[in-house]
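K.L.:
Sequence:
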Amino acid sequence: MPIRKPLTGENTMNIAEVKKLSTKERLEVMEVIWESLLHESEELEIPEWHKPILQERERRIKTGKVRFIPLSELKKAQP
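For the sequence shown, our numbering gives the first residue as 6, with consecutive numbering after it.
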């Protein structure tokens with residue numbers, strides 16, 4: 006089901022209109038926004054406060070202090 010008013014071109018939605026959408030429709034809007042950001046990620050600058058967090062995560066990955074698991078395994082572990 007397409008969103009009632011696409012967020013492309015000249016069309017816009019205010020918060021009141023967004024709140025009228027069903028949860029499914031709001032998720033669809035989020036997907037449209039996310040897809041648009043994926044193609045512009047090079048233009049985004051990492052905020053200074055976030056850089057140390059990312060550096061620490063990268064360090065932990067490189068030193069093997071983190072373990073990645075498949076999403077299916079994570080879902081099984083959830084209560």
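Any given hint might turn out to be false.
[Unchecked claim] With a Cα cut of at most 25 Å, we get these calculated SDA-like pairs of lysine to any residue: (1) K70 / Q83; (2) K70 / L49; (3) K67 / P57; (4) K70 / E48; (5) K56 / S77; (6) K80 / E33; (7) K80 / P57; (8) K29 / T17; (9) K56 / H44; (10) K81 / G69; (11) K80 / T28; (12) K70 / I51; (13) K70 / K81; (14) K29 / E47; (15) K56 / I38; (16) K70 / W54; (17) K67 / P84; (18) K67 / I51; (19) K80 / R31; (20) K25 / H44; (21) K24 / I51; (22) K80 / M18; (23) K29 / Q60; (24) K67 / H55; (25) K24 / M35.
[Said to hold, decoys possible] Simulated restraints on C-beta separations: (26) K25 / V71: 36 to 46 Å; (27) T68 / A21: 41 to 51 Å; (28) T17 / I74: 35 to 45 Å; (29) K67 / K29: 23 to 33 Å; (30) T68 / E30: 36 to 46 Å; (31) T68 / I20: 40 to 50 Å; (32) N19 / F73: 36 to 46 Å.
Hints were generated in silico from the structure; no laboratory data involved.
Beta carbons are placed, not taken as given, at the ideal position from N, Cα and C, and that holds for glycine.
K.L.:
State for each hint whether it applies.
P.N.:
For each hint, the structure was consulted:
{"no.": "1", "hint": "K70 / Q83", "result": "holds (22 Å)"}
{"no.": "2", "hint": "K70 / L49", "result": "violated (29 Å)"}
{"no.": "3", "hint": "K67 / P57", "result": "holds (15 Å)"}
{"no.": "4", "hint": "K70 / E48", "result": "violated (31 Å)"}
{"no.": "5", "hint": "K56 / S77", "result": "violated (30 Å)"}
{"no.": "6", "hint": "K80 / E33", "result": "holds (23 Å)"}
{"no.": "7", "hint": "K80 / P57", "result": "violated (29 Å)"}
{"no.": "8", "hint": "K29 / T17", "result": "holds (19 Å)"}
{"no.": "9", "hint": "K56 / H44", "result": "holds (21 Å)"}
{"no.": "10", "hint": "K81 / G69", "result": "holds (23 Å)"}
{"no.": "11", "hint": "K80 / T28", "result": "holds (22 Å)"}
{"no.": "12", "hint": "K70 / I51", "result": "holds (24 Å)"}
{"no.": "13", "hint": "K70 / K81", "result": "holds (22 Å)"}
{"no.": "14", "hint": "K29 / E47", "result": "violated (29 Å)"}
{"no.": "15", "hint": "K56 / I38", "result": "holds (24 Å)"}
{"no.": "16", "hint": "K70 / W54", "result": "holds (23 Å)"}
{"no.": "17", "hint": "K67 / P84", "result": "violated (30 Å)"}
{"no.": "18", "hint": "K67 / I51", "result": "holds (21 Å)"}
{"no.": "19", "hint": "K80 / R31", "result": "holds (24 Å)"}
{"no.": "20", "hint": "K25 / H44", "result": "violated (28 Å)"}
{"no.": "21", "hint": "K24 / I51", "result": "violated (30 Å)"}
{"no.": "22", "hint": "K80 / M18", "result": "violated (35 Å)"}
{"no.": "23", "hint": "K29 / Q60", "result": "violated (35 Å)"}
{"no.": "24", "hint": "K67 / H55", "result": "holds (19 Å)"}
{"no.": "25", "hint": "K24 / M35", "result": "holds (13 Å)"}
{"no.": "26", "hint": "K25 / V71: 36 to 46 Å", "result": "holds (42 Å)"}
{"no.": "27", "hint": "T68 / A21: 41 to 51 Å", "result": "holds (49 Å)"}
{"no.": "28", "hint": "T17 / I74: 35 to 45 Å", "result": "holds (41 Å)"}
{"no.": "29", "hint": "K67 / K29: 23 to 33 Å", "result": "violated (40 Å)"}
{"no.": "30", "hint": "T68 / E30: 36 to 46 Å", "result": "holds (44 Å)"}
{"no.": "31", "hint": "T68 / I20: 40 to 50 Å", "result": "holds (44 Å)"}
{"no.": "32", "hint": "N19 / F73: 36 to 46 Å", "result": "holds (40 Å)"}
Checked against the numbered hints given earlier, the structure breaks hints 2, 4, 5, 7, 14, 17, 20, 21, 22, 23 and 29 and satisfies all the rest.
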